[in-house]
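Student: I would like the entire structure built from these sequences, with the hints used as guidance.
First to last, the sequence lines map onto chains A and B. Numbers 401 to 827, taken from the working numbering, label the letters of the first sequence in order. Numbers 401 to 827, taken from the working numbering, label the letters of the second sequence in order.
Hints are computed from structural coordinates only; laboratory data are not their basis. Heads up, the beta-carbon is just placed ideally off N, CA and C, and yes, glycines get one too. Don't take each hint at face value.
Restraint ranges, calculated between C-beta atoms of paired labels, are given here [said to hold, decoys possible]:
{"#": "1", "chain 1": "B", "residue 1": "SER480", "chain 2": "A", "residue 2": "MET613", "range": "53 to 59 Å"}
{"#": "2", "chain 1": "B", "residue 1": "GLU471", "chain 2": "A", "residue 2": "GLU801", "range": "31 to 37 Å"}
{"#": "3", "chain 1": "B", "residue 1": "SER496", "chain 2": "A", "residue 2": "TYR478", "range": "39 to 45 Å"}
Protein chains: 2
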Amino acid sequence: MKIISSKDREFKKTLDQVCRRGSQQNAKIEGRVKQILQAVERGGDAAVCRYVKQFDGLRLTPRGIKVRREEIVHAYKYLSISERNSLRFAAKRIRSFHERQRTKTWVHTDKGVKLGQMITPLDVVGLYVPGGKALYPSTVLMNAIPAKVAGVGRVIMCTPTTSGEIHPYLLAAADIAGVDEIYRIGGVQAVGAMAYGTRTIPKTDKIVGPGNMYVAAAKRVVYGTVDIDMIAGPSELLVVADETANPLHCAADLLCEAEHDEEARVYLVTTSLRVAKAVVREVAKQLPKLSRKQIATHSVRQYAIAFVTSTMEQAFDVANAIAAEHLELLVKRPLEAVKKVRHAGAIFVGPHTPPAVADYVAGPNHVLPTGGSARFFSALSLDDFVKKTNIVMYNQKQLKEVQAHVTCLAGMEGLQAHARSIESRSE
Amino acid sequence: MKIISSKDREFKKTLDQVCRRGSQQNAKIEGRVKQILQAVERGGDAAVCRYVKQFDGLRLTPRGIKVRREEIVHAYKYLSISERNSLRFAAKRIRSFHERQRTKTWVHTDKGVKLGQMITPLDVVGLYVPGGKALYPSTVLMNAIPAKVAGVGRVIMCTPTTSGEIHPYLLAAADIAGVDEIYRIGGVQAVGAMAYGTRTIPKTDKIVGPGNMYVAAAKRVVYGTVDIDMIAGPSELLVVADETANPLHCAADLLCEAEHDEEARVYLVTTSLRVAKAVVREVAKQLPKLSRKQIATHSVRQYAIAFVTSTMEQAFDVANAIAAEHLELLVKRPLEAVKKVRHAGAIFVGPHTPPAVADYVAGPNHVLPTGGSARFFSALSLDDFVKKTNIVMYNQKQLKEVQAHVTCLAGMEGLQAHARSIESRSE
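Tutor: What follows is the structure in C-alpha cells.
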C-alpha cells in the first residue's frame, strides 16, 4: 500500500488514473456470448441443457432444471441453528429497510384535470447467483427481498452447479428471501433463458445479480429486451480519515474489502500523514493473519493507495472524484461530514460502522454501484422492481383552454394530425 | 388497418407477433460505431470536428463547436409571440408536474442506529437532439426540464447541423428549459464527446434524448461509462374502446401517433365490432387529408390492427400483453378502468384526453418506454436525474448486539476479515 501526498508531483496523475478505472467491456467475448444467447432464444430448454453439459459438465434434462421442493426442505438440515437464525435476522433487517423505500401511486387534481403517477411492480424478476467457490447467501437476500417487498409476483433464481446440487446456504437463503422458483443453470445460457423464456424457465422482465465477465456481457446484450440492474465491477472501499481515526479500524475495514477479490480497490484519504503511515503498518501486520491472505495481498499490492491531503476539503474532493462504492467516514463529527459527500454508493458513518455490518445485517442494500458509477447509478432498491406509469385525464373545459397552445406547438413541429385530434373533440 | 376478432384462428398468433416487436439491435453498425467512439475518446475535439465534416459536411473548429449566447438571443426573434408563449406555457406545466416527483433524503433512527437514503442530483447531463427534418422543441423541454428540476448543475445539449445553424425553435426551447450549454455537433461523435469528454465538451454522467440507429447504438456502447435513459423505438398508441367510444376520436388519435413515423404502431382493442369497423372507415377517410399522409399511410398499412375481443377483461389482457407506450381508455367509467392496466408508458383517460394534449402541455413526460419495455421501464422522470446513496451509522452498543450474526454470516461466506473488522472494534 503506497502513500502519496498532495505535495507530490504524481498526486494528480495517480488520482486521475484511479478515476479512470471503471467497468471495462470485453469485446473479445461478445461474439461468443451473442452466439449462445441466440441459440438459447431459438433452441429453448434443449439448447440450455446442451450448454450446461458443455460448460458445467452436468447432464441435465429439461425436467431436471427446476429445483424440487424436497431439495429446499432438505437444505435446511445442513444449516446450524445459528446459521438459520442469522440468515433470518439479516432478512428481517433488509425487509424492514426496504419497506421504507416504498413510493405510492398519486393522482393530483387541478381545475378538474387529473395528473398522476401509478406505481406497478414488475411481473417476473430473474436473479442470477454465481457458482464456484465464492458463496454469498447474503447477496441472495439483498437481491430477492427488495423484489418481493416491491410486490413482484414471481422471483426466479438461476445458479450453476457442476454436481447438480446447489449449496444448502444458497437454497436456504433463497427460500428465506421468498424466491419462488430455483433453476440449476448458470452462465450465458441462464441469462438467455431468463431474457427470452423457454418452456421451463419464464421470460423475466428484469435480470439482477452479479456474475463473471460472460454473464456481465450477456446482461449487456439483453438489456432492452429485459431490464438489468447495473454493470458491476470489483468491490471498492474508500476511507476518509482525520487524525482522530483509529488506524486499527481503518486497516481492518480496508482488508475486509480487499479479501473479496484480487481486483478489489481500497483507498485511504487522510489529512494525517501519521495516520496514513500507521494504517499502512497495520495493514502489513494484519494481512498475513487472514485466511484469504493471497487474494487480499494481491488487491492491496496492486491497487491500495493512501492519499494524504493538506485539508479536509481536499480529502472530500478526492473522495468525490473517485466516487467509490463504499465510503467510510472516520472523522470528527462524522454525521456532519456526510453533507460533503456528493458521490458514493453507500456511506458508513463513524467509528462503530464497519462496512461489514452493512454487508450483512444493517438492512440497506449491499448491491452498490462500482467503478465510479456512483456518479450516476444508485444502490439496488425498491425502485428497481417497480415502474411508473403517467396518468392524464382532461375534461372538456380544460381541453378547450389549452387547445390553442397544442395547435401552436403541433404547428411548429409540423404535426397536423396532432392538432386535428384535439379539434375533433370540439366538432 | 385490419380487423381481427378473438374468434379468428390467427388472433393469438397476431397478438404474439405484436408482443414480439421490441427494440432491435443492429449488429452490423456496431463495429463502425465503436470505431468512432474510440477515435473521439482518443482524439477529442479534433476527432469530433473531423467526423462532423465527414458526416454533416460542416467545417468546424473546436472554438466553433459551442453555440454563442448571441445566437440564442437572436433565435427568439424568429419565433412569433404565440410560439414563445406556447413554449413557455408547456415548460411551466412540465416543471409543475415534475416538481411533484421530488423524493427527499431521509434518515431513520432506531435504537441509536441511523439508516437512510441520501438523494443527490447528477452533476452533468447531456441531451441529444436529432437533426434533420423532424424538429421537436417539445422534446427538448421534456428532457431538459426534469434534469433542471432535479437540481442537475450543468445540462448540455448536442444537436447536428449541416449549415452550422441550429433551428431557432430548438435554441429557444433549450433556453426556456434552462439548458446551460449547446453544441452544434451530432451523431456518434456527439455521444462519444459527452461520454468521454473533450477539451470543449464536458464528460457527462448521463446521456438522454432520442436519436437515429447510430446514436442508439452508441448510447448502448457507452452505457456503464455513463448512464443512458432507455433504448427507444418507434411511437405506439393502443386505444381500448367499448361501444361508447366515438370512432371519430379513436381515428384522430390513432392517426396522430401514425404521423410521427413510418414505423409507428397503432392498435385498437375493442369489444365492439361496430366501433372497430367505424374506426377503420374513419381512418381511411381522414388519412388522405393529412399533410404527413405518406408517413401515416405507411404506418397504418404496415402495422395498424383492430383487435375485437368478446369481453372487456380480454381487451385488457391484450393491452397488458402489448404493453404499449401510450394507452388511451375510451370506455365507460374510464378512471376505474385504469386499475386494470398493468403495463403502459402513459395512460390517457376518457374522451377529453387526446394523447396530443400530453405530448405538449399536460405536464407529464412524453419520453416513454416503447416496444413492450413498459413492462419494466418507466416514463422519464426526476428519478432519472438523481441518485440514491445509502447511509448507515451504528453505535457501540448496537454493533455489539449484531456482532454474533455478522460473525456467523461472514463465516458462512468464508470472509474472515469481515468478522475481524467488527471484532477489532471491541478490542
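Student: If a hint holds in the structure, say so; if it doesn't, say that too.
Tutor: Checked hints:
1. B:SER480 <-> A:MET613: 53 to 59 Å: Because 56 Å falls inside the window, the suggested range holds.
2. B:GLU471 <-> A:GLU801: 31 to 37 Å: Given range 31 to 37 Å: holds, Cβ gap about 34 Å.
3. B:SER496 <-> A:TYR478: 39 to 45 Å: violated (57 Å)
Going through the hint list in order, the structure does not satisfy hint 3, though it satisfies all others.
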